[in-house]
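Asks: Single-letter residue listing:
Protein chains: 2
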Amino acid sequence: MKIDFKKELESASKGMIMIHDPKLLINLIIRMLVNKLQIKHAAMLLFDPVQNAYILNISRGLIGIKIPKNFAKFTHESPIIKIFNTKEYRPLTVDRNALVCDDINRLIWRESLLGNGQAMEVKELLHNVSEEMQMLNTDACVPAYYQDKLMAVLLLGEKIDGGKFEQEELNFFAALASDAAMAIRNAQLFEGLKEEADKSRKLFLQTIAVLGSTIEAKDKYTHGHTERVTKYAEAIAHQMENNGTTRFPESFYENLYIASLLHDIGKIGAPEEILNKRGALTKPEHDIMKEHSNRGADIIMPLGLHKEIIDGIRYHHEHYDGSGYPEGLKNDKIPMTAAVISVADAFDAMTTDRPYRKALSFKKAMQEIENNSGTQFHPKAAKAMVELIKWEKI
Amino acid sequence: MKIDFKKELESASKGMIMIHDPKLLINLIIRMLVNKLQIKHAAMLLFDPVQNAYILNISRGLIGIKIPKNFAKFTHESPIIKIFNTKEYRPLTVDRNALVCDDINRLIWRESLLGNGQAMEVKELLHNVSEEMQMLNTDACVPAYYQDKLMAVLLLGEKIDGGKFEQEELNFFAALASDAAMAIRNAQLFEGLKEEADKSRKLFLQTIAVLGSTIEAKDKYTHGHTERVTKYAEAIAHQMENNGTTRFPESFYENLYIASLLHDIGKIGAPEEILNKRGALTKPEHDIMKEHSNRGADIIMPLGLHKEIIDGIRYHHEHYDGSGYPEGLKNDKIPMTAAVISVADAFDAMTTDRPYRKALSFKKAMQEIENNSGTQFHPKAAKAMVELIKWEKI
Chain A
1 MKIDFKKELE SASKGMIMIH DPKLLINLII RMLVNKLQIK HAAMLLFDPV QNAYILNISR
61 GLIGIKIPKN FAKFTHESPI IKIFNTKEYR PLTVDRNALV CDDINRLIWR ESLLGNGQAM
121 EVKELLHNVS EEMQMLNTDA CVPAYYQDKL MAVLLLGEKI DGGKFEQEEL NFFAALASDA
181 AMAIRNAQLF EGLKEEADKS RKLFLQTIAV LGSTIEAKDK YTHGHTERVT KYAEAIAHQM
241 ENNGTTRFPE SFYENLYIAS LLHDIGKIGA PEEILNKRGA LTKPEHDIMK EHSNRGADII
301 MPLGLHKEII DGIRYHHEHY DGSGYPEGLK NDKIPMTAAV ISVADAFDAM TTDRPYRKAL
361 SFKKAMQEIE NNSGTQFHPK AAKAMVELIK WEKI
Chain B
1 MKIDFKKELE SASKGMIMIH DPKLLINLII RMLVNKLQIK HAAMLLFDPV QNAYILNISR
61 GLIGIKIPKN FAKFTHESPI IKIFNTKEYR PLTVDRNALV CDDINRLIWR ESLLGNGQAM
121 EVKELLHNVS EEMQMLNTDA CVPAYYQDKL MAVLLLGEKI DGGKFEQEEL NFFAALASDA
181 AMAIRNAQLF EGLKEEADKS RKLFLQTIAV LGSTIEAKDK YTHGHTERVT KYAEAIAHQM
241 ENNGTTRFPE SFYENLYIAS LLHDIGKIGA PEEILNKRGA LTKPEHDIMK EHSNRGADII
301 MPLGLHKEII DGIRYHHEHY DGSGYPEGLK NDKIPMTAAV ISVADAFDAM TTDRPYRKAL
361 SFKKAMQEIE NNSGTQFHPK AAKAMVELIK WEKI
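Protein chains in written order, with this note's numbering: chain A, 1 to 394; chain B, 1 to 394.
With the rest of the complex left out, here is chain A (with noise of 0.2 Å):
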């Protein structure tokens, strides 16, 4: 069975560069090279410049001949890689595209080879590979260099046949291992750049949460309030969609979460007096502590955040009847990130101690949203309030 190299080329390297999880692509090029051109295991060296060092990346048999485990990482300084990286060194393989076992034989017993001065060293470098070679099982080394540099070595076993490879063989993973190191290396700095986004993105809800949190360092009554809301809130909106009377989009979760972190961030301003006071407030103190929700989206402006996440913030103290505050909103004019954290808010609110009265018990909370759904709170959050405390989901 002969091989059209030019056609399987072409066909490998077709759509490489659109994988973009490295250890698929390279999974799928080794396979390829073992199950397609009978070899009887094949692996490859890979340059990684955050190591400075080129990474062994797969070892795939068909018959189980692994390369040791303990060979991961090659330095600059291995045998292998030295020979494909000196410049000088690089007449010795270029005539071949390759390094075969058999080849080095014949290069260490010719005569002159470079230039006379350099022979013993060659030599002893060509010994060097050839052992690493040998532990590798490794039958013809493979360079891919891309702009003058050594990207890869495509490290191949005996065929399976046990002929010896043909220069057109090699030939063919010389242009292979040269377009799969530059498409793993594509995957690999994708993966990079997505690693770095999740985490910055990490980071900021991170940050978010230390900054919802920082108003409890001041209002002592309500340690833990936040992060209460937070859950409750999102288990209220899950619960809406389960229950069958709403619909949210994926990124609603993410901005009522953030809403729910920050919802009484606007509390950093006031003063401590009232914020802790024993006792219901009077009517002055009262309009103080209403500033709160109108100041926290302000906080939180120079973020540019989703405008969910603002009037989560700004109107989660509105009521259902137009009662509530700071605009008087009424009904679906009151933003849904609001309406569920009023709920979760209250009920939170409800369920822990106070300074003026004891917390209530979870179903006195809920009868209470029961008898207010309409009035204060939108009726869908309510009834899934109700249903996740009812139904112990809470």
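It is worth saying that the hints were derived from the structure and are not from the lab. Possibly wrong hints are sitting among the right ones.
Because identical chains share one entry, a pair is satisfied inside a single copy or across any pair of copies.
[Stated by the list, open to error] For lysine-lysine, the following BS3-like pairs were computed, each having C-alpha atoms within a straight-line distance of at most 25 Å:
id : residue 1 : residue 2
1  : Lys-194   : Lys-23
2  : Lys-307   : Lys-199
3  : Lys-202   : Lys-307
4  : Lys-364   : Lys-199
5  : Lys-363   : Lys-390
6  : Lys-277   : Lys-358
Go by the hints and put chain B onto chain A.
Replies: Then chain B, alone, in the frame of chain A:
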């Protein structure tokens, strides 16, 4: 002059994948087409999944022939897109790997086209394609598919020698278009991911700034303090490098920036009556205030930020002679972020009004810093601050 298409294709495709700037990449490809292959101008319609449309990516001509500007976005209903994107029309273009102007008339006047049932529909579409190509000054359209999906269409102007496109040329264009479309898509994905990472990073830093400013809502005598300290600290660090006394790695500046923004965040828990007291603090009050540096470090601990940041917050009240707090660290045991913030913090405290005294002039404050260099302040940080004030760089 005969072009070696295979060689051209190989050299053009090579390395496209490693260029992650879509604009640069498109420019390179189009320039290559126009210059090497002697076409008057070329452009590419590239599928954008976000817009679910094909975007005209460039039109670059040797002799100033340009494609009209309003042709920026091609929907699936656009004739050129439709003819390549509809499976049943594929036979019309598959033989030539392209749709060439001259072919269209031949196709239109052919008696049987696909099946007779569709003849009118197809002929109308071909008419429309022809019109669209004329508007776009295009002699040939070459589609690029990936996994049977139309990724791009290459739009080619006429050849400079006025000749017709040969099949060998069209095949070359088809192969190139396919490689190019994937490389461009790859670059676009890369750019998108990079933007996302940058955005999240920026959002994190902005949230840190909001977090840092929360303390100012409580401590009314220090309006703008955080922002100024952050500005001074950065200037001090730069000056320490400029005057040759110190070298900082690039990462130091971001760590210093974050630590400066958050250096007083621990004050968030301190009682208002102490924070805003008119007159000197008593010993017990001062002891409470001293807790803010450790508390600040603790507040941000969950974020897992760099040690330089946490140290900058925890140790910004240490003195060079060991007389500071919280740990009485001495000399170079004090982390550099903290040593820099210490000078910036003291300078701003001195040069702003406080409840119990008026602001010092910059010159007076400079003398204070000079006098306390080596006792309170790190000599290098103090020297830099003195220079900044003396030379009016602040």
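Asks: Determine for every hint whether it applies to the structure shown.
Replies: So, going through the hints one by one against the coordinates:
1. Lys-194 / Lys-23: Both. Shortest intra-copy (15 Å) and inter-copy (21 Å) distances satisfy the 25 Å Cα cut-off.
2. Lys-307 / Lys-199: Both: 24 Å inside a chain and 17 Å across chains, each within 25 Å.
3. Lys-202 / Lys-307: both (20 Å within a copy, 18 Å between copies)
4. Lys-364 / Lys-199: neither (42 Å within a copy, 45 Å between copies)
5. Lys-363 / Lys-390: Within. Shortest intra-copy distance 8 Å satisfies the 25 Å Cα cut-off; inter-copy 70 Å does not.
6. Lys-277 / Lys-358: within (15 Å within a copy, 34 Å between copies)
When the structure is compared with the earlier hints, a violation turns up for hint 4 alone.
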